[in-house]
Every structure is written in C-alpha cells, then in structure tokens.
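Undergrad: Just so you know, the sequences run in chain order A and B. Residue numbers for the first sequence follow the working numbering, beginning at 92 and rising by one. Residue numbers for the second sequence follow the working numbering, beginning at 180 and rising by one.
Simulated from the structure, these hints should not be mistaken for lab results. Hints are not guaranteed to be accurate.
Stated by the list, open to error - Result set (DSS-like, lysine-lysine): computed pairs, CA atoms no more than 25 Å apart in a straight line:
(1) B/LYS278 - A/LYS148
(2) B/LYS247 - B/LYS203
(3) A/LYS162 - B/LYS203
(4) A/LYS162 - A/LYS150
(5) B/LYS203 - A/LYS146
(6) A/LYS94 - B/LYS278
(7) A/LYS150 - A/LYS108
Just so we're clear, the structure is a prediction, and the values are computed from it rather than from any experiment.
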Amino acid sequence: SQKIEQNSEALNIQEGKTATLTCNYTNYSPAYLQWYRQDPGRGPVFLLLIRENEKEKRKERLKVTFDTTLKQSLFHITASQPADSATYLCAPEGEDGTASKLTFGTGTRLQVTL
Amino acid sequence: DAGVIQSPRHEVTEMGQEVTLRCKPISGHDYLFWYRQTMMRGLELLIYFNNNVPIDDSGMPEDRFSAKMPNASFSTLKIQPSEPRDSAVYFCASSSQGKGGELFFGEGSRLTVL
Numbered sequence: 092s093q094k095i096e097q098n099s100e101a102l103n104i105q106e107g108k109t110a111t112l113t114c115n116y117t118n119y120s121p122a123y124l125q126w127y128r129q130d131p132g133r134g135p136v137f138l139l140l141i142r143e144n145e146k147e148k149r150k151e152r153l154k155v156t157f158d159t160t161l162k163q164s165l166f167h168i169t170a171s172q173p174a175d176s177a178t179y180l181c182a183p184e185g186e187d188g189t190a191s192k193l194t195f196g197t198g199t200r201l202q203v204t205l
Numbered sequence: 180d181a182g183v184i185q186s187p188r189h190e191v192t193e194m195g196q197e198v199t200l201r202c203k204p205i206s207g208h209d210y211l212f213w214y215r216q217t218m219m220r221g222l223e224l225l226i227y228f229n230n231n232v233p234i235d236d237s238g239m240p241e242d243r244f245s246a247k248m249p250n251a252s253f254s255t256l257k258i259q260p261s262e263p264r265d266s267a268v269y270f271c272a273s274s275s276q277g278k279g280g281e282l283f284f285g286e287g288s289r290l291t292v293l
C-alpha cells in the first residue's frame with residue numbers, strides 16, 4: 092500500500108538557520124507533490140507544488156526538491172524565523188482519478204527558537 | 180472571498196447520536212473534499228465531489244458515514260450512529276482544479292464522541 096513517511100519527531104532549530112524537512116514515500120509514482128503548513132487548531136495551508144519533471148522549486152525563503160529515483164522530497168526554509176514554527180505536511184498526489192487526490196503524511200513539527 | 184466555511188467548529192456528543200458537519204466551499208470551486216485528521220493516522224481523505232457528484236468515497240470508513248452535496252455551495256458529512264472512535268477533526272477543502280490543484284481547507288470541525 093502507499094506509504095508516506097515524515098520525521099515524526101519535532102525539529103528544533105535556531106533562528107536564522109536553514110530547516111530541512113524530509114518526506115519519503117513508497118509504492119507510489121506521484122505526478123506531483125505538494126507541501127502544506129498547518130498551525131495548531133487551523134486547517135492546512137498550501138505552500139508549494141512540485142512536478143515529477145522538476146528537480147527543484149523555490150518561493151521566497153522556501154525550497155522544495157523532488158527526487159523520483161529516491162522517492163523523496165526535501166523541504167527547506169532558509170533564514171528561519173520563529174513565525175515559521177508550525178507542522179509541515181507533504182502530500183504526494185496519485186494519478187488515479189481526475190482530482191488532486193492527495194494523501195498526506197503525518198507531518199513534521201518545526202520549532203524555531205531565538 | 181471568506182474561504183471555506185465549516186460548522187460547527189466544535190461538537191461534543193454522546194455515543195449513538197447523529198452528527199452532521201457542514202461545509203460551504205469557495206465560490207466557483209468545482210471540487211470538494213472531506214478529510215479526517217487524528218494524531219495516529221494523520222489526514223485521511225474520506226470522499227470527494229466534482230460538480231456536486233461524489234467521485235470517490237473509498238475512504239469512508241463504514242456505512243455509518245454518509246456525505247451529500249445538494250448544490251455547489253453546500254455539503255454535509257453525517258455520522259449515524261456516532262462512536263467514540265469517530266472523535267477527530269474533520270476538514271472540508273475545495274479546489275478549482277483537478278490534477279495538481281491547490282486545496283483550500285476550512286478551519287475544521289472538532290468532534291468528540293463520549
């Protein structure tokens with residue numbers, strides 16, 4: 092069955108450093124992979140989408156890579172700030188169906204300290 | 180636009196009672212999704228609609244769960260009878276695109292079944 096693995100333990104990082112979050116998937120050949128941010132008590136918010144033919148995508152301080160051979164996506168936040176503290180969810184997309192039938196990982200909680 | 184609107188935000192009920200969760204998607208979005216989030220299993224897709232028609236309900240856990248979308252601006256998720264293991268946060272999301280579409284989530288309905 093399809094499986095998504097994200098670091099279950101929280102990632103603690105100092106302000107100004109680069110945070111790197113990992114998403115591994117198995118039994119999948121996703122055409123896309125999306126990353127979302129979720130704050131406590133709120134719904135997930137879309138951050139980035141990367142396609143299988145793209146190696147890397149950037150948006151401001153965010154960078155996502157997508158390695159279809161390793162079946163892995165890395166999510167980087169450069170110059171991290173306390174406001175970046177949240178849970179980050181990766182969501183590989185399957186090719187079944189016509190809609191974005193996303194399957195989410197359980198997420199990695201990022202804590203940025205001063 | 181006000182975004183995806185869900186109600187109620189919190190619901191506490193007793194086992195055996197009927198629960199109805201409501202969702203108003205973003206105007207113009209043709210796709211509507213119902214997800215359930217728990218600590219153990221993360222975000223799970225229950226069902227999604229396209230143009231008010233249920234497309235994939237393979238994630239609906241059992242016959243106690245049902246979802247309807249009578250028109251483009253309203254959907255319900257009903258649990259009857261409810262059980263303690265149904266306790267979770269239920270999210271509704273909408274999208275204007277099929278494959279590769281960004282999902283816009285509501286703030287969720289936290290359900291506690293005693």
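Undergrad: Does each hint hold? Answer for all of them.
TA: Hints versus structure:
1. Of the supplied pair hints, the one linking B/LYS278 and A/LYS148 holds, its CA atoms being roughly 18 Å apart against a limit of 25 Å.
2. As the CA atoms of B/LYS247 and B/LYS203 are separated by approximately 12 Å, the hinted pair is consistent with the 25 Å bound.
3. A C-alpha spacing of about 36 Å is found between A/LYS162 and B/LYS203, which places the hinted pair above 25 Å, so the restraint is violated.
4. Taking the CA atoms of A/LYS162 and A/LYS150, the gap is about 22 Å. The hint holds against a cut of 25 Å.
5. At most 25 Å may separate the alpha-carbon atoms for a hinted pair to count; B/LYS203 and A/LYS146 exceed this at roughly 36 Å.
6. Proposed proximity of A/LYS94 and B/LYS278 is supported: the alpha carbons are some 20 Å apart, at most 25 Å.
7. Distance check on the hinted pair: A/LYS150 and A/LYS108 sit about 17 Å apart at the alpha-carbon level, within 25 Å; holds.
Comparing the model with each numbered hint stated earlier shows that hints 3, 5 do not hold.
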